[in-house]
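Protein chains in written order, with my numbering: chain A, 1 to 230; chain B, 231 to 358.
Be aware that a few hints might be false.
Said to hold, decoys possible - The following label-pair restraints were derived from C-beta to C-beta distances: (1) B:Met316 / A:Val126: 54 to 60 Å; (2) A:Tyr205 / B:Pro256: 46 to 52 Å; (3) A:Arg192 / B:Pro256: 51 to 57 Å; (4) A:Phe142 / B:Arg323: 26 to 32 Å; (5) B:Ile296 / A:Pro197: 57 to 63 Å; (6) B:His311 / A:Ser109: 58 to 64 Å; (7) B:Gly242 / A:Arg133: 53 to 59 Å; (8) A:Asp112 / B:Val264: 49 to 55 Å; (9) B:Ala327 / A:Gly56: 23 to 29 Å; (10) A:Asp150 / B:Arg323: 31 to 37 Å; (11) B:Thr338 / A:Pro130: 50 to 56 Å.
What the hints assert, rightly or not - For the chain B half of the interface with chain A, some residues (derived, Cβ under 8 Å), not all of them: (12) Arg253; (13) Pro256; (14) Val260; (15) Thr318; (16) Glu319; (17) Thr322; (18) Ile328.
Treat the hints as calculated values from the structure; they're not laboratory data.
It should be emphasised that the depicted structure is a prediction, and the values quoted were computed from it without experimental measurement.
Glycine included, each C-beta is placed from N, C-alpha and C at the ideal position.
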Amino acid sequence: MAKNKALSGAWVVIAAYNEARAIGRVVADLASLPYRVVVVDDGSTDATAEVAARAGAGVLRHPINLGQGAALQTGVDYALLRGASHVVTFDADGQHRAEDIAALLAALSAQDADFALGSRFRGTAVDLPPLRRLVLRAATLFTRATTGLDVTDAHNGLRAMTRRGAAHIRLRQNRMAHASEILHQIAASGLRYVEVPVTIQYSRYSLAKGQRASEFVVILLDLFARRLHP
Amino acid sequence: MTAQLLLSFLLGAILIYAFAERRRSPVVGVLAFVAAAAGLYFVWVPAHATALAEFAGVGRGVDLIIYIWVVISLLVLLNLHLKLRMQTEALTRLARAIAIGEALRADTNEARPDEPAIRPRPVSARTQ
Numbered sequence: 001m002a003k004n005k006a007l008s009g010a011w012v013v014i015a016a017y018n019e020a021r022a023i024g025r026v027v028a029d030l031a032s033l034p035y036r037v038v039v040v041d042d043g044s045t046d047a048t049a050e051v052a053a054r055a056g057a058g059v060l061r062h063p064i065n066l067g068q069g070a071a072l073q074t075g076v077d078y079a080l081l082r083g084a085s086h087v088v089t090f091d092a093d094g095q096h097r098a099e100d101i102a103a104l105l106a107a108l109s110a111q112d113a114d115f116a117l118g119s120r121f122r123g124t125a126v127d128l129p130p131l132r133r134l135v136l137r138a139a140t141l142f143t144r145a146t147t148g149l150d151v152t153d154a155h156n157g158l159r160a161m162t163r164r165g166a167a168h169i170r171l172r173q174n175r176m177a178h179a180s181e182i183l184h185q186i187a188a189s190g191l192r193y194v195e196v197p198v199t200i201q202y203s204r205y206s207l208a209k210g211q212r213a214s215e216f217v218v219i220l221l222d223l224f225a226r227r228l229h230p
Numbered sequence: 231m232t233a234q235l236l237l238s239f240l241l242g243a244i245l246i247y248a249f250a251e252r253r254r255s256p257v258v259g260v261l262a263f264v265a266a267a268a269g270l271y272f273v274w275v276p277a278h279a280t281a282l283a284e285f286a287g288v289g290r291g292v293d294l295i296i297y298i299w300v301v302i303s304l305l306v307l308l309n310l311h312l313k314l315r316m317q318t319e320a321l322t323r324l325a326r327a328i329a330i331g332e333a334l335r336a337d338t339n340e341a342r343p344d345e346p347a348i349r350p351r352p353v354s355a356r357t358q
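Same shape as in the complex, but just chain A (with noise of 0.2 Å):
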């Protein structure tokens, strides 16, 4: 491999899974930062991994669908491997906002963090419907119960951490409940973490592609099963 320095720096990792219809706008977006965008494509049966290219985004293409936290950590692994010196986990379905990036960077360098974690709850949450809110919320109670970290926001998918902390990341939990298992290592890693406020847009779309209120349920399951086999 070509030992490049412009390969450093910030890699922003996106999962996706059938996006081809928000995929080429969200790399659009972060292709005029100065950070390398990795898409992976989760076994994608559209032309998500496509539209991802030609924006601009370097892709990934894990031969079947594995779930979000299995591509998220696809996408970790190969930044450090091409030497990032941070990674930014970010949605693929449009609900972020590039320029939060920075600020969630700013944020790791100032406080000496090596992870800084989205909250639109610090932040603003734009068209968040209420019963979403409340099962948040619930979700964000239960996190701080069991992880002892003091955040607001549990299923955050904007993230930053320094090289450092993401080598502590090893999701298993290839489906939703990644999200919890992220704040369980960072809490095990005993590094340094921020919450820094962000903008979450929600749309129709994004909407569509979140979690339901009925996959928590799943979630515990998965989480309770983690337990039982470590």
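Here the structure of chain A is known, so what remains is to put chain B in place on it, guided by the hints.
Leaving out everything else, chain B in the frame of chain A:
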């Protein structure tokens, strides 16, 4: 007598299964072994099953055996679930290795444009 023989055969199979599983999942192995052994004992000494059932407040010894059978089934189910998880993890590692390997190979080919670009064939999950 027929029922006793049938149950003995099935419970015997569970005993062998539990014994074979003890390395891979000790908890399930031991629990299933104990439950199957108890079941086997009660099948042949139903009087004790009835006594124990009365003591436990279950009613009939046969009911107790059925309950034990249910417990065994649940344990086997749990074991299968855990095994499936392990399979999924192995599959995940495999898919990840393929995805990263292909990307790194593509990077290498881009970095050396003078060499013929041998691109790995993209693995598609699309159904034909």
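**Asked** Which numbered hints turn out to be false for this structure?
**Response** Those not satisfied are hints 1, 3, 6, 12, 13, 14.
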